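2 protein chains.
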Amino acid sequence: MNKMNNENTVFVEVLTNIFTVEKGKLKILLARKNTEPYKGYWELPNKILSNEETLEETKEKILEETIGTSNIYTEQNYTFSKLDRNPNNRILATSYIGLIDSKTIEIKNKKNENNWEWFTINELPKIAFDHKEVIENATELLKTKLVSANILKKLFPSDFTLPELQEIYENIMNKKLDRRNFRKKFINLGLIEDTGYKSEGRSGRPAKLYRFKETIKETYLF
Amino acid sequence: MNKMNNENTVFVEVLTNIFTVEKGKLKILLARKNTEPYKGYWELPNKILSNEETLEETKEKILEETIGTSNIYTEQNYTFSKLDRNPNNRILATSYIGLIDSKTIEIKNKKNENNWEWFTINELPKIAFDHKEVIENATELLKTKLVSANILKKLFPSDFTLPELQEIYENIMNKKLDRRNFRKKFINLGLIEDTGYKSEGRSGRPAKLYRFKETIKETYLF
DNA sequence: ACAAAAGTGTTAACTTTACACCCATGT
DNA sequence: ACATGGGTGTAAAGTTAACACTTTTGT
Chain E
-15 MNKMNNENTV
-5 FVEVLTNIFT
5 VEKGKLKILL
15 ARKNTEPYKG
25 YWELPNKILS
35 NEETLEETKE
45 KILEETIGTS
55 NIYTEQNYTF
65 SKLDRNPNNR
75 ILATSYIGLI
85 DSKTIEIKNK
95 KNENNWEWFT
105 INELPKIAFD
115 HKEVIENATE
125 LLKTKLVSAN
135 ILKKLFPSDF
145 TLPELQEIYE
155 NIMNKKLDRR
165 NFRKKFINLG
175 LIEDTGYKSE
185 GRSGRPAKLY
195 RFKETIKETY
205 LF
Chain V
-15 MNKMNNENTV
-5 FVEVLTNIFT
5 VEKGKLKILL
15 ARKNTEPYKG
25 YWELPNKILS
35 NEETLEETKE
45 KILEETIGTS
55 NIYTEQNYTF
65 SKLDRNPNNR
75 ILATSYIGLI
85 DSKTIEIKNK
95 KNENNWEWFT
105 INELPKIAFD
115 HKEVIENATE
125 LLKTKLVSAN
135 ILKKLFPSDF
145 TLPELQEIYE
155 NIMNKKLDRR
165 NFRKKFINLG
175 LIEDTGYKSE
185 GRSGRPAKLY
195 RFKETIKETY
205 LF
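First to last, the sequence lines map onto chains E and V.
Quick note: the first sequence uses my numbering, first residue -15, plus one each step.
Quick note: the second sequence uses my numbering, first residue -15, plus one each step.
I should point out that these hints are in silico values taken from the structure, not numbers from a laboratory.
Take the hints with a grain of salt, since some may be wrong.
Identical copies look the same in the list; a pair holds intra-copy or inter-copy alike.
Pairs of lysine-lysine residues, derived as DSS-like cross-links and limited to a Cα-Cα distance of at most 27 angstroms, are as follows [stated by the list, open to error]:
1) 160 x 45
2) 137 x 23
3) 45 x 110
4) 129 x 116
5) 137 x 127
6) 45 x 168
7) 7 x 129
8) 11 x 169
9) 160 x 66
10) 138 x 127
11) 182 x 45
12) 66 x 169
13) 182 x 168
14) 169 x 197
15) 110 x 127
16) 138 x 192
17) 23 x 87
18) 127 x 168
19) 23 x 160
20) 197 x 31
21) 66 x 31
22) 23 x 7
23) 116 x 192
24) 9 x 169
Just so we're clear, the structure is a prediction, and the values are computed from it rather than from any experiment.
Please put together the full structure from these sequences, using the hints given.
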């Protein structure tokens, strides 16, 4: 079996779904396409796998180029292989999810004049290729993961309020939760602690700011 | 970007982890290798992705050739890309899990003079390539899935006993469960029904045979 | 009659749900 | 002083966990 004599080799690209939470909204990082095909549409950060690299190494390069660090929580999601997913070539795509908290992001963003923009997951722009399907797939995976407390910690900055946390859960589970019960449950889990500070800027009574404790045990919520 | 001018294309193979449950043991289907490399070792059923096929189509071909049907529950698991995972060529591997109940299997096995053999997941033979890693990865995924009742239904034949079901759960969760509580929980979930028949062959009192109801709602156990 | 494995019920501890009023801030 | 959103407690219902003896079969 020699590659040069064989038609059955394919391109493989890596797609990254980088998520963060900001003001109780789940957001994803997209890039505007400035060339055809799909000029003016938005796509997931991506890169073709080279013959000397693993998928993981390729994923890390993308992260470095977009958010300036590959030192975040990531997880492989799915490999897409439809014949026509790219109009020019047969390209398989392996997608990853990555989670970064919004505090860390703000710093990195300033370093780059960015093609990149954050979009709330329910308010996406026109999406290039089959990336909408990829995003939906990744979002579903993330939602199932979000019932695990350790994942939550990767997404939330050091300071967050319980109403913000509750909002995310209500979006994920698509139902209203009782404020008292939500609060009781989370505080009793012992995963978070009061920072002593309060939120500001919104109308109404300011909310207490919490952080995740340094070491939390793997716990399943809901 | 033209493939013939570009070194950055790779082979992709599909690997299938086909699971069943027999007498309360979780088993996987492997093939003996009769050629080098790894002659005499066992490998997962596999096939190289062709340029005219999707991963899903390739997976279905493997299933037809091994168990005689592709009409079983499957799920994509992970794509492996280490540079040296195959000694001859750079080959990526996308693995799938497939679930079939042991009653259906017995029929299919008779049709084929088979290179294939079922191995209990805790008593595997010498495994070729990185397939041990692949199997471990797939088994972990399956274990997390097994807390969902719909998956369970794919794995279990029409008739099973509660002690068998309990044994699987004890293996998965790696702890002993109380027989009374297990039974109460499962029966109260309303997913299974008594067939009216009893098991035979073992010593001791025969166990009642149960089956999953036709339509069961998605329920999470444990 | 004995060995082996299956079947059964009750109580206490814990978890989840439902529910309404007061509090802190900005305008 | 009013509008906005945040914070708090209690009781009822439901779920889970702990626990030991009896039943059915084969030998």
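* Asked: Any of the earlier hints contradicted here, and which numbers?
  -> 1, 2, 6, 9, 11, 12, 17, 19, 20, 22, 23
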